[in-house]
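Student: My request is simple: use the sequences and hints to build the entire structure.
2 protein chains.
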Amino acid sequence: MDIKEIGEFGLIQRIADNYQSSHPTVISGMGEDAAALKISEQKILLATCDLLLEDIHFNLSLTDSYHLGRKSLAVNLSDIAAMGGTPRFFLVSLAIPSHISVEFIDDLYRGIMEMAGEFNTQLVGGDTNASPDKLMIDITLLGEVDPNHILKRSGTQVGDSIFVTGTLGDSALGFFALEIDNNLNQTLSINTLTLRHISPYPRIEEGKVIAENHLASAMIDISDGLLADLKQILTLNKVGATVWTSQIPLSNDFKQFQIKQEHNKLDFALKGGEDYELLFTSPKTKEKDIYGLSQKIKVPISKIGEINSSGKLVVLDQNQKLYHIDDQGYDHFSSSNKPRF
Amino acid sequence: MDIKEIGEFGLIQRIADNYQSSHPTVISGMGEDAAALKISEQKILLATCDLLLEDIHFNLSLTDSYHLGRKSLAVNLSDIAAMGGTPRFFLVSLAIPSHISVEFIDDLYRGIMEMAGEFNTQLVGGDTNASPDKLMIDITLLGEVDPNHILKRSGTQVGDSIFVTGTLGDSALGFFALEIDNNLNQTLSINTLTLRHISPYPRIEEGKVIAENHLASAMIDISDGLLADLKQILTLNKVGATVWTSQIPLSNDFKQFQIKQEHNKLDFALKGGEDYELLFTSPKTKEKDIYGLSQKIKVPISKIGEINSSGKLVVLDQNQKLYHIDDQGYDHFSSSNKPRF
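Sequence lines, in order, name chains E and X. Residue 246 in my numbering sits at position 246 of the first sequence, and the numbers go up by one each step. All you need for my numbering is the position in the second sequence, starting with 1, plus 341.
Since the hints were derived computationally from the structure, they do not count as laboratory data. Don't be surprised by glycine CBs; every beta carbon is placed ideally from N, CA and C. Be aware that one or more of the hints could be misleading.
[As the list claims (entries may be wrong)] Quick list of the computed label-pair ranges, beta carbon to beta carbon:
| hint | chain 1 | residue 1 | chain 2 | residue 2 | range |
| --- | --- | --- | --- | --- | --- |
| 1 | X | N489 | E | S98 | 21 to 27 Å |
| 2 | X | D343 | E | N120 | 18 to 24 Å |
| 3 | E | N264 | X | P488 | 54 to 60 Å |
| 4 | E | Q13 | X | K653 | 52 to 58 Å |
| 5 | E | G7 | X | K653 | 53 to 59 Å |
Tutor: Following this line, the structure appears as structure tokens:
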């Protein structure tokens with residue numbers, strides 16, 4: 001059977017169905033942003049890995065090696081953020097094709113280590129190999145979290161509100177701007193938007209404070225796109241949701257950047273991947289505390305919808321009409337290697 | 342600068358020189374078989390990753406996916422063995438090209454999970470992606486070890502004896518048989534030898550019992566070839582060594598398998614990679630205990646040489662004459678992707 005028939009998510013589900021560990025030390029394994037492993041009474045070890053492949057996840061004509069280094073650790077940090085954890089140690093596996101220079105690797109590591117330094121995270125090992133063709137970066141990040149503070153994708157209840165940090169769609173629109181519609185008249189916005197794509201910043205501090213203050217019932221980071229990642233929460237918790245497009249937080253740069261198919265622009269915020277914002281659900285009783293936190297830490301936190309028992313995801317436009325959704329994310333086994341717009 | 346100018350080991354050294362962590366929780370980082378991380382007073386966390394790339398580390402015409410799965414975990418288990426540790430959890434990153442079927446992945450995981458089951462090790466996560474071209478398997482394995490039992494590459498003293506478990510060269514000769522000199526008249530030996538190559542077995546139990554009985558001053562697993570891995574120990578400990586070819590343990594299959602350049606056959610045992618045996622140094626006072634252990638666990642442990650203060654590695658043949666060595670291992674950035682014979 002061709003993997004395209006079941007897709008990336010189907011393949012992962014197949015592996016999880018067959019091999020999910022039921023060992024008592026494994027609090028959560030496959031299906032979470034990071035594995036949660038009970039290594040002592042006081043501490044849960046978190047472990048996550050993210051693989052970045054040339055011409056699938058990055059294009060060397062659209063990023064420099066320093067930012068690629070930052071991003072390759074940032075996407076892992078974002079997984080630890082989604083569990084409310086603190087990053088501690090990481091290992092770097094590299095497969096390096098012959099067209100890559102020592103200077104490129106130096107800059108890649110400079111980016112990795114600067115990002116690591118911002119979160120006091122230690123490089124402790126890895127594996128370095130020649131690659132026959134493409135550059136490949138696989139980082140495994142270990143973190144920790146107090147058993148009383150850990151957040152998972154499960155825990156959402158009917159009636160919960162749905163929140164997101166920051167703004168959505170900047171990364172996808174920035175990628176689009178870089179790749180398809182590079183308009184020199186919009187240089188400033190392009191730079192801000194494209195930086196969100198080539199150099200995302202993980203919400204480590206935000207994830208910790210949300211977890212430590214027990215503000216969320218479930219949390220996930222937005223890597224595959226808002227609707228795709230929300231669907232993960234809905235499916236796992238066997239609930240439905242309504243999302244209001246009018247409440248999707250958009251940056252000024254996003255709003256100002258003009259594209260030819262302006263009527264589709266919101267799709268970048270709904271379906272575009274790699275925002276690396278946090279998506280979480282919370283009981284209504286927590287709303288005031290959440291808005292208070294948002295003001296205190298000076299990071300926007302927006303309520304974008306509500307959980308219900310329908311089992312379906314419904315997106316409503318500003319007129320409360322159904323917003324049409326073609327597909328809900330990004331499948332690495334799709335015919336195109338790019339977000340499908 | 343082209344990476345070929347400094348090579349794989351040079352590149353790793355460059356990264357380690359620049360970025361080796363001095364954080365108090367990092368007992369050992371880069372440069373050991375696994376990172377050793379102090380996560381509590383009673384426990385050291387071990388973390389290692391090994392990347393296997395199609396057409397660099399394996400050839401799909403020479404192995405099946407089940408054995409490839411077994412091997413991809415085994416090479417990581419071997420790193421934990423070298424530290425005297427117990428494997429606990431692992432994550433699997435896959436980059437899958439379009440020519441790979443769902444059935445191939447099923448068999449790959451069957452191999453991985455059977456090997457995991459033999460060492461009570463839990464699959465807890467990973468990352469699955471499409472690959473533009475080649476299959477790539479990167480496993481990160483976490484283990485643990487008692488702080489009183491951990492073994493490292495450092496600790497070797499002048500006067501120590503050098504030991505290896507099992508037999509050497511089977512894997513490299515098996516690879517040679519498969520690739521270059523497949524002689525149907527020698528089927529039986531080929532099968533035994535090639536199995537050592539396509540399905541190595543990690544010395545977890547042996548590593549633990551050596552560590553727990555304080556029988557070694559330093560230990561490493563033999564992945565890059567006896568002389569290359571011994572050199573790692575010598576360089577790190579600023580010592581030299583004499584190795585006697587007459588004492589290199591060879592299997593009956595190795596001895597019986599005939600090659601055209603019979604005078605070079607010993608090179609497979611000295612320089613061939615991927616034996617995944619343990620190489621360790623020990624004070625002379627431990628020799629009796631080591632031979633006793635060997636008998637008890639029914640695994641050959643052979644003294645192959647001695648540590649001295651010369652700073653050089655000298656290999657002596659059966660007539661105590663210098664044995665000529667062209668090069669001492671396997672560099673993934675060498676012009677050939679295969680062990681150089």
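Student: Give a verdict on every hint.
Tutor: Outcome of the hint check:
1. X:N489 - E:S98: 21 to 27 Å: Taking Cβ atoms as reference, N489 (chain X) and S98 (chain E) lie about 45 Å apart, which means the hint is violated.
2. X:D343 - E:N120: 18 to 24 Å: violated (35 Å)
3. E:N264 - X:P488: 54 to 60 Å: Taking Cβ atoms as reference, N264 (chain E) and P488 (chain X) lie about 58 Å apart, which means the hint holds.
4. E:Q13 - X:K653: 52 to 58 Å: holds (56 Å)
5. E:G7 - X:K653: 53 to 59 Å: holds (57 Å)
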